[in-house]
Amino acid sequence: DQQVKQNSPSLSVQEGRISILNCDYTNSMFDYFLWYKKYPAEGPTFLISISSIKDKNEDGRFTVFLNKSAKHLSLHIVPSQPGDSAVYFCAAIHTNAGKSTFGDGTTLTVKP
Amino acid sequence: DTGVSQNPRHKITKRGQNVTFRCDPISEHNRLYWYRQTLGQGPEFLTYFQNEAQLEKSRLLSDRFSAERPKGSFSTLEIQRTEQGDSAMYLCASSLPRYSGNTIYFGEGSWLTVV
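Residue numbers (the numbering used here), protein chains in the order written: chain P, 172 to 283; chain A, 4 to 118.
Keep in mind that the hints are not guaranteed to be accurate.
[Stated by the list, open to error] Only pairs whose alpha carbons sit at most 25 angstroms apart, straight line, appear in this in silico SDA-like list of lysine to any residue:
(1) P/270 to A/81
(2) A/17 to A/89
(3) P/270 to A/43
(4) P/270 to A/29
(5) P/270 to A/104
(6) P/176 to A/89
(7) A/60 to P/272
(8) P/270 to A/111
(9) P/176 to P/255
(10) P/176 to A/42
[Said to hold, decoys possible] Some but not every residue of chain P turned toward chain A, in silico, with C-beta under 7 angstroms:
(11) 220
(12) 266
(13) 271
What the hints contain is simulated information worked out from the structure, not anything from laboratory work.
For glycine and all other residues, C-beta sits at the position ideal for the given N, C-alpha and C.
With these hints in hand, go ahead and build the complete structure from the sequences.
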């Protein structure tokens, strides 16, 4: 049973436009959510996180939105840049459990 | 601090051989995690330590896998009698919940190819 799902394996957007990456989860015990970016042959790099007590967190071009009732979160990148092309993973944590559960990733391609 | 360090970065081994990976976490991070990642999938949790105590092991961690963190600093992940299905990227991560909350920071990963 996959508790964190990223239903879009890939996304292509034009440079300067908005990229929206989506993530759904099933475990209502998750109380902290993160987004990571990964280039080939490298480890994931932390981007942004959000606690379940919030519905939005912003950091520069990156904004994460959390809809707890829908068990859905999204990452918005505005404006998108070619250097943003990578695989993006969402992750969810139940704080008392300690470990993070990851989705299978969405490959973002930003075209110049 | 240079972040989480893993070595070797790449390892090719014959089926049946044993391999060991080492992870040096971010200094003073008391939690250390091992994940495994294969192509097209997200990182899968294997095990984690708080200081030297191994607090949880995934069902994915068969008897051929063992992890240690003897002094609460670096950790090793050993795979005995490797099989072709063990080919993957092995990721180490660390965190210090008191200061960084639930965010975990990954190393560059160690690629294992079993031939």
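Structure-based check of all given hints:
For the proposed pair residue 270 of chain P and residue 81 of chain A, the alpha carbon gap of about 20 angstroms is at most 25 angstroms, so the pair holds. Simply put, residue 17 of chain A and residue 89 of chain A have alpha-carbon atoms about 11 angstroms apart, close enough for the 25 angstroms limit, and the pair holds. With a CA separation close to 21 angstroms, the supplied pair residue 270 of chain P and residue 43 of chain A stays within the 25 angstroms bound. Taking the CA atoms of residue 270 of chain P and residue 29 of chain A, the gap is near 17 angstroms; set against the 25 angstroms cutoff, the hint holds.
Taking the CA atoms of residue 270 of chain P and residue 104 of chain A, the gap is about 12 angstroms. The hint holds against a cut of 25 angstroms. Restraint check for residue 176 of chain P and residue 89 of chain A: satisfied, since their Cα atoms lie roughly 24 angstroms apart, inside the 25 angstroms limit. Between residue 60 of chain A and residue 272 of chain P the CA atoms are separated by roughly 14 angstroms; this keeps the pair inside 25 angstroms, and the hint holds. Taken as a hint, the residue 270 of chain P and residue 111 of chain A pair is honoured in the structure, with Cα atoms around 19 angstroms apart against an allowance of 25 angstroms.
A hinted pair counts as satisfied when its Cα atoms are at most 25 angstroms apart, and residue 176 of chain P with residue 255 of chain P qualifies at roughly 21 angstroms. With a C-alpha separation of about 16 angstroms, the suggested pairing of residue 176 of chain P with residue 42 of chain A holds against the 25 angstroms cut-off. At its closest, the beta carbon of residue 220 of chain P sits 6 angstroms from a beta carbon of chain A; the interface hint therefore holds under the 7 angstroms criterion. The beta carbon of residue 266 of chain P comes within 6 angstroms of a beta carbon in chain A, closer than 7 angstroms, and the hint placing it at the interface holds.
Checking residue 271 of chain P against chain A by beta carbon gives a least distance of about 6 angstroms; that is within 7 angstroms, so the hint holds.
Of the hints listed earlier, there is not a single one the structure fails to meet.
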